[in-house]
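Asks: Using the hints, position chain B against chain A.
There are 2 protein chains.
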Amino acid sequence: MSDTLSLYKKHLREIGKLNSSLSLLHWDQRTHLPEKGHSARAEVIGKLSKMIFELSISDELGRYLEELEERDDLSERDRASVRVVGREYRRYRAIPPDLFEEFSIARAESETAWEKARAASDFASFLPHLEKMVDYSRRFAEYFGYSENPYDALIEEYEPGMTTAQLREIIAPLKDKLAPFIKHLVDEGTRPHTEFTRGKFPAEKQRELSRRALEAIGYDFTAGRLDTTVHPFTITTGPGDVRITTRFLEDDPFSGLYSSMHEGGHALYDQGIPDELRWTGLDDGASMGIHESQSRMWENMVGRSLPFWRFFSPIISEVFPQFAAASPEEIYRAVNVVEPSLIRVEADEVTYNLHIMLRFELEEGLINGRIAAKDLPELWNEAMERYLGVVPPDDAHGVLQDVHWSGGMFGYFPSYMLGNLYAAQLFAKAKQEIPDLEERFAKGDFSPLLSWLRDKIHRYGRIYDPIDLLKEATGEEPDSGYFINYVVQKYSEIYGL
Amino acid sequence: MSDTLSLYKKHLREIGKLNSSLSLLHWDQRTHLPEKGHSARAEVIGKLSKMIFELSISDELGRYLEELEERDDLSERDRASVRVVGREYRRYRAIPPDLFEEFSIARAESETAWEKARAASDFASFLPHLEKMVDYSRRFAEYFGYSENPYDALIEEYEPGMTTAQLREIIAPLKDKLAPFIKHLVDEGTRPHTEFTRGKFPAEKQRELSRRALEAIGYDFTAGRLDTTVHPFTITTGPGDVRITTRFLEDDPFSGLYSSMHEGGHALYDQGIPDELRWTGLDDGASMGIHESQSRMWENMVGRSLPFWRFFSPIISEVFPQFAAASPEEIYRAVNVVEPSLIRVEADEVTYNLHIMLRFELEEGLINGRIAAKDLPELWNEAMERYLGVVPPDDAHGVLQDVHWSGGMFGYFPSYMLGNLYAAQLFAKAKQEIPDLEERFAKGDFSPLLSWLRDKIHRYGRIYDPIDLLKEATGEEPDSGYFINYVVQKYSEIYGL
Numbered sequence: 001m002s003d004t005l006s007l008y009k010k011h012l013r014e015i016g017k018l019n020s021s022l023s024l025l026h027w028d029q030r031t032h033l034p035e036k037g038h039s040a041r042a043e044v045i046g047k048l049s050k051m052i053f054e055l056s057i058s059d060e061l062g063r064y065l066e067e068l069e070e071r072d073d074l075s076e077r078d079r080a081s082v083r084v085v086g087r088e089y090r091r092y093r094a095i096p097p098d099l100f101e102e103f104s105i106a107r108a109e110s111e112t113a114w115e116k117a118r119a120a121s122d123f124a125s126f127l128p129h130l131e132k133m134v135d136y137s138r139r140f141a142e143y144f145g146y147s148e149n150p151y152d153a154l155i156e157e158y159e160p161g162m163t164t165a166q167l168r169e170i171i172a173p174l175k176d177k178l179a180p181f182i183k184h185l186v187d188e189g190t191r192p193h194t195e196f197t198r199g200k201f202p203a204e205k206q207r208e209l210s211r212r213a214l215e216a217i218g219y220d221f222t223a224g225r226l227d228t229t230v231h232p233f234t235i236t237t238g239p240g241d242v243r244i245t246t247r248f249l250e251d252d253p254f255s256g257l258y259s260s261m262h263e264g265g266h267a268l269y270d271q272g273i274p275d276e277l278r279w280t281g282l283d284d285g286a287s288m289g290i291h292e293s294q295s296r297m298w299e300n301m302v303g304r305s306l307p308f309w310r311f312f313s314p315i316i317s318e319v320f321p322q323f324a325a326a327s328p329e330e331i332y333r334a335v336n337v338v339e340p341s342l343i344r345v346e347a348d349e350v351t352y353n354l355h356i357m358l359r360f361e362l363e364e365g366l367i368n369g370r371i372a373a374k375d376l377p378e379l380w381n382e383a384m385e386r387y388l389g390v391v392p393p394d395d396a397h398g399v400l401q402d403v404h405w406s407g408g409m410f411g412y413f414p415s416y417m418l419g420n421l422y423a424a425q426l427f428a429k430a431k432q433e434i435p436d437l438e439e440r441f442a443k444g445d446f447s448p449l450l451s452w453l454r455d456k457i458h459r460y461g462r463i464y465d466p467i468d469l470l471k472e473a474t475g476e477e478p479d480s481g482y483f484i485n486y487v488v489q490k491y492s493e494i495y496g497l
Numbered sequence: 001m002s003d004t005l006s007l008y009k010k011h012l013r014e015i016g017k018l019n020s021s022l023s024l025l026h027w028d029q030r031t032h033l034p035e036k037g038h039s040a041r042a043e044v045i046g047k048l049s050k051m052i053f054e055l056s057i058s059d060e061l062g063r064y065l066e067e068l069e070e071r072d073d074l075s076e077r078d079r080a081s082v083r084v085v086g087r088e089y090r091r092y093r094a095i096p097p098d099l100f101e102e103f104s105i106a107r108a109e110s111e112t113a114w115e116k117a118r119a120a121s122d123f124a125s126f127l128p129h130l131e132k133m134v135d136y137s138r139r140f141a142e143y144f145g146y147s148e149n150p151y152d153a154l155i156e157e158y159e160p161g162m163t164t165a166q167l168r169e170i171i172a173p174l175k176d177k178l179a180p181f182i183k184h185l186v187d188e189g190t191r192p193h194t195e196f197t198r199g200k201f202p203a204e205k206q207r208e209l210s211r212r213a214l215e216a217i218g219y220d221f222t223a224g225r226l227d228t229t230v231h232p233f234t235i236t237t238g239p240g241d242v243r244i245t246t247r248f249l250e251d252d253p254f255s256g257l258y259s260s261m262h263e264g265g266h267a268l269y270d271q272g273i274p275d276e277l278r279w280t281g282l283d284d285g286a287s288m289g290i291h292e293s294q295s296r297m298w299e300n301m302v303g304r305s306l307p308f309w310r311f312f313s314p315i316i317s318e319v320f321p322q323f324a325a326a327s328p329e330e331i332y333r334a335v336n337v338v339e340p341s342l343i344r345v346e347a348d349e350v351t352y353n354l355h356i357m358l359r360f361e362l363e364e365g366l367i368n369g370r371i372a373a374k375d376l377p378e379l380w381n382e383a384m385e386r387y388l389g390v391v392p393p394d395d396a397h398g399v400l401q402d403v404h405w406s407g408g409m410f411g412y413f414p415s416y417m418l419g420n421l422y423a424a425q426l427f428a429k430a431k432q433e434i435p436d437l438e439e440r441f442a443k444g445d446f447s448p449l450l451s452w453l454r455d456k457i458h459r460y461g462r463i464y465d466p467i468d469l470l471k472e473a474t475g476e477e478p479d480s481g482y483f484i485n486y487v488v489q490k491y492s493e494i495y496g497l
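Protein chains in written order, with the numbering used here: chain A, 1 to 497; chain B, 1 to 497.
Isolated chain A, as found in the complex:
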C-alpha cells in the first residue's frame, strides 16, 4: 500500500522535472532566444507540453489517485496533494481527447485571428472564432459539471471553490460604491501634480532602481533574476529559481518600477513556497486570485504608499537627481493619479476593478447564453460609458483589447479583481497584527509584512483552497469592504476631499 504513495510521488516528481524544463524553454523564448531559433523552439515546447499532459492524464496516475483517495492514513500534506492533483486529473480527463484536440487547433486559429483583428480593429473577422471559443467553453462546462451555473465550472480552473453567486455578492458593494467615487474624485478632487516626473530615464538606471526596490522588499536574487521583456512575467523554473521580467519606458520612471514590484510580489510568493512541497502538485500559489493578491499588495499597498516613498525618495533621487527637489509626499501623490481610461492593463488601482466587472458580466452572459458574441462591441461600449464615463473610439481600444477570450479563457478575469480584494483584506489584517508596519516601511524594513505573508499564505502552497486560506489568515469570508475602505480613504486624502 505505501508503495502506491511512493509511486504516486515519483510520478509527480517526473512531471515536476519536465515542467521545470518546460518553464525554462518558455522563459528563454521570451528573454534570450535568437530570432531564428523560434520555429524549432515551438516544436520542442510542443513535445514537452504533450509529454507533461500525457503524464497528467495517464491511467497509471488515475489508479494511484483512486487508491490513495480511499486511504485514511495519509498525512495532511499528502491528502492535499491527492485532492489537488485528483481535481485536475478529473478535469483533464472529463474532456474527450478528440474534442480537446479539435479545440486546441481552433484555439490556435482564434488567437491568430484575434491578433489580426485587433491590429485592424476589425471585430467582424474575429467574431466566428469568438463564437467557437464560447461554444467550446460551454461544452467544456457541461463536461466538467457544476451545480448552479455553467460559469462556475470555468472559474474553478483559476479560483477553486469560487462560484458565480459568491462573486456577485462580492461585487455588489463595489459596483455601488466605486463608479460614483471615481466620478466624485475626478470631478471635485484636485489631481496631483506630475510635471516634475517628466524626463528621460535610461533603462540601465531604471534597472538599478528596480533592483534596489526588489532587494528592499526581500526578493532573493540568489534564487532568481531580473530580465526585460515586452510583457513582464514571473516564472519558476525550479525550486530556488524564481525569475521575473520587467520592461522600462524611457519617458516614465514609474512604469518599470511598478512592473518590477508587481512581478516581485508574485515572486516573493513563489520563493516562499517551502522546499518540502517541491514537485508534489502543491508547489504553486493557492489560486490565480491569491497569487494576484501578492503582486498587487507589493505593487500598490506597499509600493504606492506614502511610507514606501519616505524610504524610497532618497534612493530615486540618488538614481535620478531630478527627484531630489520633490518631497516624498509629492512623489506619492504623483504615482497615485486616478484616470478613467480605455485600456485595462494601463488602469490605476481605483478604476481597474471596473474594467474587470465589465468583463465578468459580459463573459458570464456569454457562457449562459444570455449574451450573443455578435452584440459584444455594443454592450462593451455601453458598459464603459456607464462604469467609467469613457467610450472606446474603436474595438481595438474596446472589446478586442484582451487576449483571454481568443484563447477560450473564460472565467479568468475575476481573478484579477479578487487579487485586489484579497490584497486589501490581507493587508488590513497585517496592519492590525503588526501595529508599526508602516513605520517600518518608512525605514525601509519590509520584513514584518513578508514574514506575515510567509506565515499566513506562502508556506501553504496549494494545500488550502483560496477561500479557506483567506479565512484562515483573516478570520473572514472574502469581503470587498476592505478594498472600498482602502481606496476611499487613500484617494480622498490624495484628492483633497
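Derived from the structure by calculation, the hints contain no laboratory data.
Check before you lean on any hint, since a few could be wrong.
Identical chains share a label here; the pair holds if one copy fits it or two copies do between them.
[What the hints assert, rightly or not] Heads up, simulated EDC-like pairs for lysine to aspartate or glutamate below, C-alpha to C-alpha not over 16 angstroms straight-line: (1) Lys-36 x Asp-275; (2) Lys-50 x Glu-14; (3) Lys-443 x Glu-276.
Replies: Relative to chain A, chain B alone:
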C-alpha cells in the same frame, strides 16, 4: 516497410527535441542560473539525460535499425543516419547496464576527488579513482571491440575511423620537427614586443571587440548569442540557435577576443549544418577533431594572421585607442608569442600539440597496461622536460591539470591535436583554391573562406566520417606536413629566423 523509416525518423526527432531541451538546461546552468537553483537543476538535467539515454538504447530503436540496415532503397542521407545512429546504439548497448551505472557513480566520485586533488596538488588522493577510471575504460574497450589496439575502441567515440597506428604515423613527423623548432625559436629568435599591449581593458569594450570580430567572420547573431562564462563553450540548443560564450580578462584584450573567435569557429560550423539534417542524428560535426579544426582555423589561421590585423587594427584602435600607435604588423607579432609553458589551455599554437602528444602517449600506455597510473607524475614531468624544456613545480601544474581522465575520457585528447592538423591541411587547400583569400581578409571579407568551408565541410554534418570528409575536401589523407609548414613558415618570419 517505408513505415519503419518514418517511425525511425520520428524516434530520432523525439530524441532531438529532448536534447534541445537538455542543451538549454546546460547553457542556462552555466550562464544565468541563480545560485540556489543548482540543486534542483541537477535533478532536472539527470531526468532529461536518462530519458534521452533510454530512447537511444531502446529495443524499439534497435528493431528499426536492424530493419533499415537491411534495406537497399534508402537515400544516401538516410543510410548515413542509420550508420551513425546504429554505431552509437551498438556502443551504448555493448556495456551491460549495471556496469554502466556502477561506472557513472564512480565517475562522479572521481571528478569530485580530482577537483579536490588538483586544488591541493595531491595526486595520491586522486590515484585510486584514476586507477578505477583506467580499469573501466579498459573493460569498455573490450566490450566495444577493436582489431589491433584497445585504445582504438576509445578514440572511436571522438574520432570515428581513426586508429592508434594512424595517429602514430601522423604524429611521427610532428615529434621530430616541433620540439627542435621551438627550441630554435626561443633560443635564437627575436621575441616580439608586447609592452604596448599592457593596460586595463573593460569587459564591456572587449565584448564590443568580440562582437565586431564575430560579425566580420560571419557568425549570425540572429541565430545565436554571445554570453560570458568562466569556461567558454559553444552549444546548439536547437536549429537556428547556436550560442557561444567567452570570458574577458581585464588586463588582456586578446584572450577574450581569441576565445570568442575560437568558439565562433565552432559556431560557424554548427550554423552551417543544413536544416534538412535537423534531428536525424546527422546534425552535428563529423567528429571532435573536425569540429576543433574549425575553431582553431578561425582563431589562429585567420585571427592570428597578418591579413586579419590589417583589417582589424583600425577596429581595435577605435575600441581601445592605445592601439592606434601600433602597426598591424606589431599587433600581429604581439599575438604570436611562442612560450613553452606548463598549462595546455594557455599554450600557444606552436607548443600546444606537444602538450597533446604527451597526453596521448601516456593514456595510450595506460589503456594498454604498459603504464601504471601511479607512475604518471614522474612520467609526465619527464616528458614535459623532454618536449618543452619546462618542469611542473607540482602536480596541480602537471598531471592534475586536466579534467578529462577523472571522467574516464581516454581517447579524447588526440582530437585537439587533429583539430590543429586538419585546420592547417584544410586552410592550405582553401588558399590554393581561392588565390586572393588573404587579400580579402585584409579587406575584412571572410566570406570566401566561410563559403568554402560550408561547401566542403559544414553542409555534410555527420554524413561522412572525419577522414573521408577530409579526403573529399583536400584530396589527401591526414598529413601533419601542412601544420609543420604552416608554423615553421609563420614563426620563422615572426622570430626573424
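Asks: Run every hint past the structure and note whether it holds.
Replies: Each hint tested on the structure:
Proximity of Lys-36 to Asp-275 under the C-alpha cut-off of 16 angstroms is restricted to the inter-copy arrangement: shortest distance 12 angstroms between copies versus 37 angstroms within a copy. For the identical chains of this complex, Lys-50 and Glu-14 are neighbours both inside a copy (14 angstroms) and across copies (12 angstroms), given an alpha-carbon limit of 16 angstroms. For the homomeric pair Lys-443 and Glu-276, neither the shortest alpha-carbon distance inside one copy (34 angstroms) nor that between copies (61 angstroms) is at most 16 angstroms.
Violation of the numbered hints given earlier is confined to hint 3; every other hint is satisfied by the structure.
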